[in-house]
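Engineer: Single-letter residue listing:
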Amino acid sequence: MLLSSWIRAVISRRRWIKFASGILLGFTLSLTLLTACQPAAEVTDSAPSAPDSGSGGTVRIGMTASDIPFTSGAPNSGFEGVRFTGMTLYDALVTWDLSVSDQPAPLVPQLATEWSVDEADPRVWTFKLREGVKFHDGSDFNADAVVFNFEKIFDENAPQYDARQSAQVIARLPVYESIRKVDDYTVEITTKTPSSLLINQLPFMFFSSPAHYEALGEDWTAFEIDPSGTGPFMLEELVPRERAVLVPNPNYWDENRMAKADRIELIPIPEGTTRANALLSGQVDWIEAPPADTLAMLEGRGFQITSNGYPHLWPWQFSFAEGSPWLDKRVRQAANLAINREEIQALLGGNMIPAQGILLPDDPAFGNPAFEVRYDPDEALALLADAGYGPDNPLDVKVLISTSGSGQMQPQPMNELIQQQLAAVGINVDFEVLVWETLFDNWRQGAEHPDSRGAHATNITFATHDPFAAMVRFVYTDSAPPNSLNWGLYSNPEVDALIEELQETFDPEANLAVYQRLHETLVEDAPFLFVAHDVGPRAMRSEVGGFVQAKSWFQDITPVYLN
Amino acid sequence: MFLYICRRIVYTVPIALAVAVVCFSLVHLAPGDPLSAVIPADAPAEVVERIVQAYGMDRPLPVQFFSWLGRAIQGDLGVSVATGRPVAGEISRALGSTFTLALAAALLGFLFGTLFGTVAAFLQGRWSDRLVTGIALFGVSVPHYWLGLLLVIIFSVQLDWLPSLGGGSGSFGERLPYLILPAVTMSFIPMGIVTRTVRSTVSELLGSEFVTSLRARGLSTVSIAKHVAKNAAPSVLAVMGLQFGYLLGGSILVETVFSWPGTGYLLNGAIFQRDIPLLQGIILTLSMFFVALNLLVDVLQTLFDPRIRRS
Chain V
1 MLLSSWIRAV ISRRRWIKFA SGILLGFTLS LTLLTACQPA AEVTDSAPSA PDSGSGGTVR
61 IGMTASDIPF TSGAPNSGFE GVRFTGMTLY DALVTWDLSV SDQPAPLVPQ LATEWSVDEA
121 DPRVWTFKLR EGVKFHDGSD FNADAVVFNF EKIFDENAPQ YDARQSAQVI ARLPVYESIR
181 KVDDYTVEIT TKTPSSLLIN QLPFMFFSSP AHYEALGEDW TAFEIDPSGT GPFMLEELVP
241 RERAVLVPNP NYWDENRMAK ADRIELIPIP EGTTRANALL SGQVDWIEAP PADTLAMLEG
301 RGFQITSNGY PHLWPWQFSF AEGSPWLDKR VRQAANLAIN REEIQALLGG NMIPAQGILL
361 PDDPAFGNPA FEVRYDPDEA LALLADAGYG PDNPLDVKVL ISTSGSGQMQ PQPMNELIQQ
421 QLAAVGINVD FEVLVWETLF DNWRQGAEHP DSRGAHATNI TFATHDPFAA MVRFVYTDSA
481 PPNSLNWGLY SNPEVDALIE ELQETFDPEA NLAVYQRLHE TLVEDAPFLF VAHDVGPRAM
541 RSEVGGFVQA KSWFQDITPV YLN
Chain B
1001 MFLYICRRIV YTVPIALAVA VVCFSLVHLA PGDPLSAVIP ADAPAEVVER IVQAYGMDRP
1061 LPVQFFSWLG RAIQGDLGVS VATGRPVAGE ISRALGSTFT LALAAALLGF LFGTLFGTVA
1121 AFLQGRWSDR LVTGIALFGV SVPHYWLGLL LVIIFSVQLD WLPSLGGGSG SFGERLPYLI
1181 LPAVTMSFIP MGIVTRTVRS TVSELLGSEF VTSLRARGLS TVSIAKHVAK NAAPSVLAVM
1241 GLQFGYLLGG SILVETVFSW PGTGYLLNGA IFQRDIPLLQ GIILTLSMFF VALNLLVDVL
1301 QTLFDPRIRR S
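Sequence order for the protein chains is V and B. For the first sequence, position 361 matches number 361 in the working numbering, and the numbering has no gaps at all. For the second sequence, position 5 matches number 1005 in the working numbering, and the numbering has no gaps at all.
Just chain V, with the same shape it has in the complex (with noise of 0.2 angstroms):
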């Protein structure tokens, strides 16, 4: 009895598929004609000239974050965070002029207006600050607010000290170790050994209004919600995973960049195809990050598509470990010239810089490097045949690769041209594909670690806003696991040298020298396989005016405005 029912069921169940898998198709074949059939939106051509300060409408931005990041002053979801709640609420003492597009945004002075560093002892800084700065609440920004937040991050034993912003800022600001007020508008700043990267990593740290702090029983968590800073925006509401809302401030000290906008919303999607959706059902005015498969039919549709290179680097970092094959200068040039960085640039649709160094080409450090990084299979072959590999003696490598992860843009595709590209010049590639955590948690424990499967390179990408981020983390012999991401175990005195030299030169000029002189070494010996910079596309509605992507990782906002 049971089974016969069973037998029904089951005759039944399968003429169900059938009739069911033609209802589907014919479902889904309606909906691409009715997609097909849908005009473009329309594209408006005019340029309105920039409204007023204030009355450029509400520009609604979908972030890929999963949550607002924080607001009191020291934002967390990476750089992002920074960008959207970081540089609109708040100043630091030294930021990046992102006006500019044609350059890597240079470092220009915000809250502080001059600084030194003494001769006799050249860990002290002195910073004379800005003076008439008031924060959000009206109260004024001076020396003893600046004191105040530093205390906040970096002395555990400070009132207002706060273990959650502690952890954003601590680790981008590793060479700061006191601070102390000189007068109301003047500070010195006392680093752990002399270093001119001070420079580069002050502005990731922002000021938050000590008096507001106070006025509201010292609490960080009410000052979530209610913060105040000296940026160019305030926060009017803020609802947990759903919305922050920044509306201009009307006082801001500098009236270069009074926000254009009546309302930035802040709304976070972490989810890249209902990114693509909210734009297209014009929920969102602007996206982020906007998947890789649907930049060709945002920009048919009439969205702008904003792009341009920023200071990231998408590699192999190589393994200096005991038996691996990039020991060998020669093997590690090769490979830098096997590869044809405009077939990957062609299968991303055009969306990468070739990469001709650790910084983008047009950076002013980039310099002069004796080694071209080009491609030229021939003369890789050369140099393979010098080292002594060819048809007889095949060069084996094993790669550590993800198949995603953030910033790694589509690594596996990537990957995969890469490997063909170097087979045509026998360097037969092997991957270890990981999960993305894995394979980020293994950068800090490097190359001879058993997680690292011995591999003899491994493919994460980073940024290279700074000497510090580029090139010392990666290639300094003291960075090595566990101190820092030397995964490769990479150790050139020459390099060291420079990197001691670069951070005790505090004149610019000279200062950019040596930094010159640091990248064309490491072009010359290239400890990695210089492959691609990204260009972060961004998408909008046409109406969107005013936005210059800058050649960073952050943004300013403050010109956006909606038609």
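Think of the hints as simulated: they come from the structure by calculation, not from any bench. There's no promise every hint is true.
[Unchecked claim] Only some residues are given here: those of chain V computed to face chain B with a beta carbon under 10 angstroms:
1) E156
2) W220
3) T274
4) A278
In this text, all values refer to a predicted model and were calculated from it rather than measured experimentally. Backbone N, C-alpha and C fix where the C-beta goes; we use that ideal spot for every residue, glycine too.
Please arrange chain B on chain V, whose structure you already have, making use of the hints.
Structural biologist: Frame of chain V; chain B shown alone:
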């Protein structure tokens, strides 16, 4: 009856403990550093150590487990690593949204499921039966998130009738449009499953001897339907209870597709940020809900069908 309920409540204790152990070990077995949400990749070793200590993650796992369990029993689920907000508060906010969505989806799913199932059973073998069974099969088989995306493309992107993102704000009337698409998407699975259950239960009952004898006594179809409904109720209710449990668990995929601020969306965020306290809190809360709901369904079943209690 009282004793039966007490016994069932006692049974839930080992289940809850097992769930707690499994969920704690799962999140710790997963790849990745639990503190990567707060520690930047290039943090110096001493900073990492300090943060790890501050979060108590340097202690042995069993110690961490028991201190977590001890606090969880008292209702303190700890503080989210990523946001610093109390986990209990985060979950209770999200539960409200998920409950609204689950209720709406359940209402739709159960209503149409029962309707379709009954129609199919009474009209077995006819085209309407086939159509309804086809819809049920579609509901059960279609990938949720795909259906969600499809509905978004049709009703938000193309027709521009309904919003596709978030839970909305303001009065219930203002938020209602935001509920429609995710609720319809979520209702497909329970609708399909309830349809199939109702159809098979009712058609089996229709073939049973007592229905034949009722017919022989000249009862109207409506009266027969009432008898059938009463007999079908326990098994259908059990299925509905389970389905409601699944709905309450929130769908990670559907909530993420619609950025619906419920537990599924929260869980998705917690997984990506590897926010262990939040992850543990959500999983524990949801499984406790499930356990409680099962209990409730069992009790309801015994109320409807005394035979279950006796066995």
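Engineer: All the hints need checking, so say for each whether the structure fits it.
Structural biologist: Consistency of the hints with the structure:
1. Satisfaction of the interface hint for E156 of chain V is found here, the shortest Cβ-Cβ separation to chain B being roughly 9 angstroms, below the 10 angstroms cut-off.
2. Hint on W220 of chain V holds. Least Cβ distance to chain B is approximately 8 angstroms, under the 10 angstroms limit.
3. At about 6 angstroms, the closest approach between the beta carbon of T274 of chain V and any beta carbon in chain B falls short of 10 angstroms, and the interface hint on this residue holds.
4. A cut of 10 angstroms between beta carbons decides the hint on A278 of chain V: the least distance to chain B is about 5 angstroms, and the hint holds.
The structure meets every hint from the earlier list without exception.
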